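Protein chains: 2
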Amino acid sequence: MLEKTTRMNYLYDFYQSLLTPKQRSYMSLYYLDDHSLGEIAEEYNISRQAVYDNIKRTEQMLEQYEEKLLLFQKFQERQKLLQQMKDEVDKAERPLYGQSLLALIESLEKLD
Amino acid sequence: MLEKTTRMNYLYDFYQSLLTPKQRSYMSLYYLDDHSLGEIAEEYNISRQAVYDNIKRTEQMLEQYEEKLLLFQKFQERQKLLQQMKDEVDKAERPLYGQSLLALIESLEKLD
Numbered sequence: 000m001l002e003k004t005t006r007m008n009y010l011y012d013f014y015q016s017l018l019t020p021k022q023r024s025y026m027s028l029y030y031l032d033d034h035s036l037g038e039i040a041e042e043y044n045i046s047r048q049a050v051y052d053n054i055k056r057t058e059q060m061l062e063q064y065e066e067k068l069l070l071f072q073k074f075q076e077r078q079k080l081l082q083q084m085k086d087e088v089d090k091a092e093r094p095l096y097g098q099s100l101l102a103l104i105e106s107l108e109k110l111d
Numbered sequence: 000m001l002e003k004t005t006r007m008n009y010l011y012d013f014y015q016s017l018l019t020p021k022q023r024s025y026m027s028l029y030y031l032d033d034h035s036l037g038e039i040a041e042e043y044n045i046s047r048q049a050v051y052d053n054i055k056r057t058e059q060m061l062e063q064y065e066e067k068l069l070l071f072q073k074f075q076e077r078q079k080l081l082q083q084m085k086d087e088v089d090k091a092e093r094p095l096y097g098q099s100l101l102a103l104i105e106s107l108e109k110l111d
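These protein sequence lines map, in sequence, to chains Z and S. By the count of numbering that gives the first Met the number 0, the first sequence reaches residue 111 at its end, each step adding exactly one. By the count of numbering that gives the first Met the number 0, the second sequence reaches residue 111 at its end, each step adding exactly one.
If you are wondering where the hints come from, they were derived from the structure by calculation, not from laboratory data. For clarity, every value in this text was computed on a predicted model and none was experimentally measured. Quick reminder that beta carbons are idealized off the backbone N, C-alpha and C, glycines included. One or more hints might be untrue.
[To be verified] Here chain Z is said to cover these stretches of chain S; the calculated rule only asks that three of the stretch's residues, wherever they fall, bring their Cβ under 8 Å from a Cβ of chain Z: (1) 67–80; (2) 98–107.
[As the list claims (entries may be wrong)] With a straight-line cut-off of 30 Å between C-alpha atoms, the simulated DSS-like cross-links for lysine-lysine are: (3) Lys-90/S - Lys-67/Z; (4) Lys-67/Z - Lys-21/S; (5) Lys-21/Z - Lys-67/S.
[As the list claims (entries may be wrong)] To spell it out: a stretch of chain Z is covered by chain S in this simulated footprint if at least three of its residues, at any positions, have a beta carbon under 8 Å from a beta carbon of chain S; those stretches are: (6) 48–62; (7) 80–86; (8) 104–110.
Using the sequences and the hints, build the whole thing.
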């Protein structure tokens, strides 16, 4: 059985543009819309096994992309650093200074 | 003639892990070590045209990856925001507070 993990959701988010339209359809139904393999098979009028194989292969591709580009890993490291920056700003006593920095930190977070 | 641009250097930097070993060899000789097409042709004992075609195709691949993943564009946006953060920290009056923030900003820069 495939495991619906947060990790796979993230990997899909980062690398979906490198997938084919069919791969994207199956993955997004399975991971984002939480359909079952049986439901997707019915929708596309193919066997449950074919859906399973396709998603399994796609998952392996996503893991390979992550191995090469490390987008998810860097995203996590960046989030950690940004949280530390926020904590630093919170410690400060000058609210105005903090606000412009917080705005910049938020812009950085939105970039990911 | 191929144009040796800073942009292509960056794109190669971001996406080289997605290329084949041969593509990486030609690109790194041409862009990083600044060899000429003729020199690479001689080294690999193939025609100058073959080297040109290979590099040209690779450049197109790199542009396609950038179109899909936007790593270079996001890198530039991030650098701009990080510079703005540094400027904010420079404006501050409390040196200690600024130092820990600067260290975090530098860690973020290194992540790219």
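Hint-by-hint comparison with the structure:
Coverage of the segment 67–80 of chain S by chain Z holds. Counting CB-CB distances below 8 Å, 7 residues qualify, and the rule asks for three or more. Counting residues of the segment 98–107 of chain S whose beta carbon lies closer than 8 Å to any beta carbon of chain Z gives 6, which reaches the threshold of three, so the coverage claim holds. Restraint check for Lys-90/S and Lys-67/Z: not satisfied, since their Cα atoms lie roughly 39 Å apart, outside the 30 Å limit. Restraint check for Lys-67/Z and Lys-21/S: satisfied, since their Cα atoms lie roughly 17 Å apart, inside the 30 Å limit.
For the suggested pair Lys-21/Z and Lys-67/S, the alpha carbons sit about 17 Å apart, so the restraint of at most 30 Å is met. Counting residues of the segment 48–62 of chain Z whose CB lies closer than 8 Å to any CB of chain S gives 0, so the stated coverage by that chain is violated, three being the minimum. With 4 residues having a Cβ less than 8 Å from any Cβ of chain S, the segment 80–86 of chain Z passes the three-residue criterion, so the hint holds. For the segment 104–110 of chain Z, the assignment as covered by chain S holds, since 4 residues bring a beta-carbon within under 8 Å of that chain's beta-carbons and 3 suffice.
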